[in-house]
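Fit chains X and F to the supplied structure of chain S, relying on the hints for placement.
One-letter residues, chain by chain:
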Amino acid sequence: MTEWSILWDAREVFSNGLIATVQLFVLSTLCAFVLGCALVYQLEHGNRLSRALRLLINLMRTLPFLILAYLLYYGLPPLGLRLSAWSAGLLALIVYHAAYFAEILRGSRLVMPEGYVEAAKAHGFTPLRLYLRIILPTLVIKTRPLLGNQLIIALKDTAFLTIITVQELTAAANSVQSTYFIPTQAFVVVIVLYWLISICLELALKRAARFGAKRGFDYV
Amino acid sequence: MSEHTHASDVPAVSIKKMSKSFGDIEVLRDIDLVVNKGEVVSVLGSSGSGKSTMLRCINWLEEPDRGTIHIAGQRIGVNEHAGRKMTGKELATVRAKTGMVFQGFNLWPHLSVIQNVMEAPIYVKGMPKEQARAIAIELLEKVGLADKHNAFPFTLSGGQKQRVAIARALAMSPEVILFDEPTSALDPERVGEVLTVMKNLSAEGYTMIVVTHEMEFARAVSDQVVFLEKGLIIEKAPPAQFFTNPKTERVRKFLEISA
Amino acid sequence: MNGQAWLLLFEGAWTTLWISATAIAIGVVLGLAIALVRMAKVPFVDQLLVLYISLARATPLVTFVLFLFLSAPTFGINMNRNTAAIVAMTLNTAAFNAEIWRAAFLSFSREQKEAALACGMTSGVFFRRIMLPQMITTSLPGLVNEMSFLIKGSPAIAVIGIVDLTRVTNRIAAVTYDPLPPILAAALLYMLIISALLKLQAMAEKKANRLAM
Numbered sequence: 001m002t003e004w005s006i007l008w009d010a011r012e013v014f015s016n017g018l019i020a021t022v023q024l025f026v027l028s029t030l031c032a033f034v035l036g037c038a039l040v041y042q043l044e045h046g047n048r049l050s051r052a053l054r055l056l057i058n059l060m061r062t063l064p065f066l067i068l069a070y071l072l073y074y075g076l077p078p079l080g081l082r083l084s085a086w087s088a089g090l091l092a093l094i095v096y097h098a099a100y101f102a103e104i105l106r107g108s109r110l111v112m113p114e115g116y117v118e119a120a121k122a123h124g125f126t127p128l129r130l131y132l133r134i135i136l137p138t139l140v141i142k143t144r145p146l147l148g149n150q151l152i153i154a155l156k157d158t159a160f161l162t163i164i165t166v167q168e169l170t171a172a173a174n175s176v177q178s179t180y181f182i183p184t185q186a187f188v189v190v191i192v193l194y195w196l197i198s199i200c201l202e203l204a205l206k207r208a209a210r211f212g213a214k215r216g217f218d219y220v
Numbered sequence: 001m002s003e004h005t006h007a008s009d010v011p012a013v014s015i016k017k018m019s020k021s022f023g024d025i026e027v028l029r030d031i032d033l034v035v036n037k038g039e040v041v042s043v044l045g046s047s048g049s050g051k052s053t054m055l056r057c058i059n060w061l062e063e064p065d066r067g068t069i070h071i072a073g074q075r076i077g078v079n080e081h082a083g084r085k086m087t088g089k090e091l092a093t094v095r096a097k098t099g100m101v102f103q104g105f106n107l108w109p110h111l112s113v114i115q116n117v118m119e120a121p122i123y124v125k126g127m128p129k130e131q132a133r134a135i136a137i138e139l140l141e142k143v144g145l146a147d148k149h150n151a152f153p154f155t156l157s158g159g160q161k162q163r164v165a166i167a168r169a170l171a172m173s174p175e176v177i178l179f180d181e182p183t184s185a186l187d188p189e190r191v192g193e194v195l196t197v198m199k200n201l202s203a204e205g206y207t208m209i210v211v212t213h214e215m216e217f218a219r220a221v222s223d224q225v226v227f228l229e230k231g232l233i234i235e236k237a238p239p240a241q242f243f244t245n246p247k248t249e250r251v252r253k254f255l256e257i258s259a
Numbered sequence: 001m002n003g004q005a006w007l008l009l010f011e012g013a014w015t016t017l018w019i020s021a022t023a024i025a026i027g028v029v030l031g032l033a034i035a036l037v038r039m040a041k042v043p044f045v046d047q048l049l050v051l052y053i054s055l056a057r058a059t060p061l062v063t064f065v066l067f068l069f070l071s072a073p074t075f076g077i078n079m080n081r082n083t084a085a086i087v088a089m090t091l092n093t094a095a096f097n098a099e100i101w102r103a104a105f106l107s108f109s110r111e112q113k114e115a116a117l118a119c120g121m122t123s124g125v126f127f128r129r130i131m132l133p134q135m136i137t138t139s140l141p142g143l144v145n146e147m148s149f150l151i152k153g154s155p156a157i158a159v160i161g162i163v164d165l166t167r168v169t170n171r172i173a174a175v176t177y178d179p180l181p182p183i184l185a186a187a188l189l190y191m192l193i194i195s196a197l198l199k200l201q202a203m204a205e206k207k208a209n210r211l212a213m
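Sequence lines, in order, name chains S, X and F.
Using our numbering, you'd call the opening residue of the first sequence number 1 and step up by one each time.
Using our numbering, you'd call the opening residue of the second sequence number 1 and step up by one each time.
Using our numbering, you'd call the opening residue of the third sequence number 1 and step up by one each time.
Derived from the structure by calculation, the hints contain no laboratory data.
Just to be clear, a hint being listed does not mean it is correct.
[What the hints assert, rightly or not] Listed below are the simulated DSS-like cross-link pairs for lysine-lysine, each with C-alpha atoms no more than 30 angstroms apart in a straight line:
1) Lys37(X) / Lys129(X)
2) Lys230(X) / Lys253(X)
3) Lys85(X) / Lys206(F)
4) Lys113(F) / Lys230(X)
5) Lys113(F) / Lys89(X)
6) Lys206(S) / Lys41(F)
7) Lys199(F) / Lys129(X)
8) Lys125(X) / Lys199(X)
9) Lys17(X) / Lys113(F)
10) Lys97(X) / Lys125(X)
11) Lys148(X) / Lys41(F)
12) Lys16(X) / Lys41(F)
In this text, all values refer to a predicted model and were calculated from it rather than measured experimentally.
Chain S with its partners taken away, still in its complex shape:
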């Protein structure tokens, strides 16, 4: 089949796209997770800043990811801030998913028994240490399935960036198909690649479940 040999010839386009997608995904989710955890720490304080952050988190939950990417890529240059498509996309991914990670952790924080916290306070933990050593690990173990879900959503959101001209995996398929007119084969390849990445993610998350299970956290 000649179409498949064309795909082989175009392998560099695919691999570049794949690398870009994985880079965007890994970098953005790492930063988003750290930022999300920091947001939840700030929310512990209940002052004016944390109320503003709550508002921002809720705002993100009502926006499509792409509109945020549009805002950063098309909306900021007139204000004198010009970002490349890649950095605008990365920044949008970080901000957007940080809000979702924070919301997931916050939801679990609300129903967390105060006993753990009081025990730690009674032992003289400082607020930051209390958060990092006691609260956050519990929240992360408890919300693992939701966090994992969010990771897969983040992976899929990277594909939106093709619309603001980032050269990632979906853009690679599009460029191969428009050069060689083999849309079916080109897209089957990238869909399978997305699929494989998310299967790997799910397997990793299942392994992570053992960590919690060993400590008596129950999952369905």
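Quick look at chains X and F alone, frame taken from chain S:
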């Protein structure tokens, strides 16, 4: 305790040589039991003796391995005419002649109290809505819940739920009502209200088979008491005889512990 | 932004809404059908559906819309942009909805079924009158949640040239040379739509929790 005469009638329930196993464990062996119209039969025995399974076989929620069961003269589970197992539809028509009250109430949570009672008459018997409503109103009055028509099950206490469940069973005018430990899931102070309703039903001549741990109820209300042990009926007697002069050592022990 | 710009924006919002609504309506029913077929556990068909669900959940909507729109003609199927968008969104959301329906199936209490059978209900009456109404109540929060996800994913259809609420901001900016106001206005409209859905979800959750008591 019923005033009805029933000598010439077909029995409400007639069980012959019924056996049932779960895997290797035989839970019922050669059960024979006849329950006449208007009779109340209490089924006693320690947990795991097979009481509930026996009850659940009567309306084919569990399928017995051997033996026959007739409800008001009609064989359940097997279509004798066609010589095969009953279809779901055929089974449903026989089950419509029995009512069941469960330990865990099993009210349908998406329906209000009165809808719970009206549901089966309308959708099983095809009764007009207004008629079903009239019957439901009357029955809820009978179980003392006239003021709860539009309440949803989650707002009721256990005792109230169980009384709705009894009204639901009565609404089908069943030949027999099967009670599967109806008071075991209730708070102690709620047990009385359910037993009172059941006593009234027996006085009205309803046919009932009651799996229970309530000795006082069994003694005061039943016509027959059946004692199960390891899947066998080891004693079957009127309450006067059962409670004062049991034939077997096992029942004597059981009564001593329960007293 | 002048009146003309707002008019364009509302047109874009309308496009987003009707295409999403169509996909949601078909996707909810299709999801139920898939869940029902999966409960029947037909060999081969079941594995096929599992594969479909797994693929649909892992494929970005952008990629899937492009794939459908570009490759359908090579199979001799001519789809216009709107049809391709609706089909892609429907197949995407149906996979998620099938899982939501299935969870409701699997968690349904055996006791309630016994109560229905003991009254003489047939399985058909039981499903229609007892099980389905409760499955709708328990699934609704998840289904509404998936609806807001689908609307948040709907800008994907811009990739095949549909002028939806996101893409229309490019159009307006091409005339006004000022992209910020239309983007903010579009964001505001999304906010209204999705807030309404989140509100609906909260209400549905309240009702579902009542059922679980």
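Verification of the hints:
1. Lys37(X) / Lys129(X): Answer holds: Lys37(X) to Lys129(X) is near 29 angstroms, not above 30 angstroms.
2. Lys230(X) / Lys253(X): holds (15 angstroms)
3. Lys85(X) / Lys206(F): The hint is violated at about 44 angstroms.
4. Lys113(F) / Lys230(X): Within the cut-off at roughly 28 angstroms; holds.
5. Lys113(F) / Lys89(X): Status holds; Cα separation ~15 angstroms.
6. Lys206(S) / Lys41(F): Between Lys206(S) and Lys41(F) the Cα gap is close to 25 angstroms, so the pair holds against 30 angstroms.
7. Lys199(F) / Lys129(X): violated (36 angstroms)
8. Lys125(X) / Lys199(X): The given pair, whose Cα atoms are some 27 angstroms apart, holds under the 30 angstroms limit.
9. Lys17(X) / Lys113(F): holds (28 angstroms)
10. Lys97(X) / Lys125(X): Roughly 10 angstroms separates the two Cα atoms, so the pair holds.
11. Lys148(X) / Lys41(F): violated (42 angstroms)
12. Lys16(X) / Lys41(F): Violated, because 37 angstroms separates the two Cα atoms, which is more than 30 angstroms.
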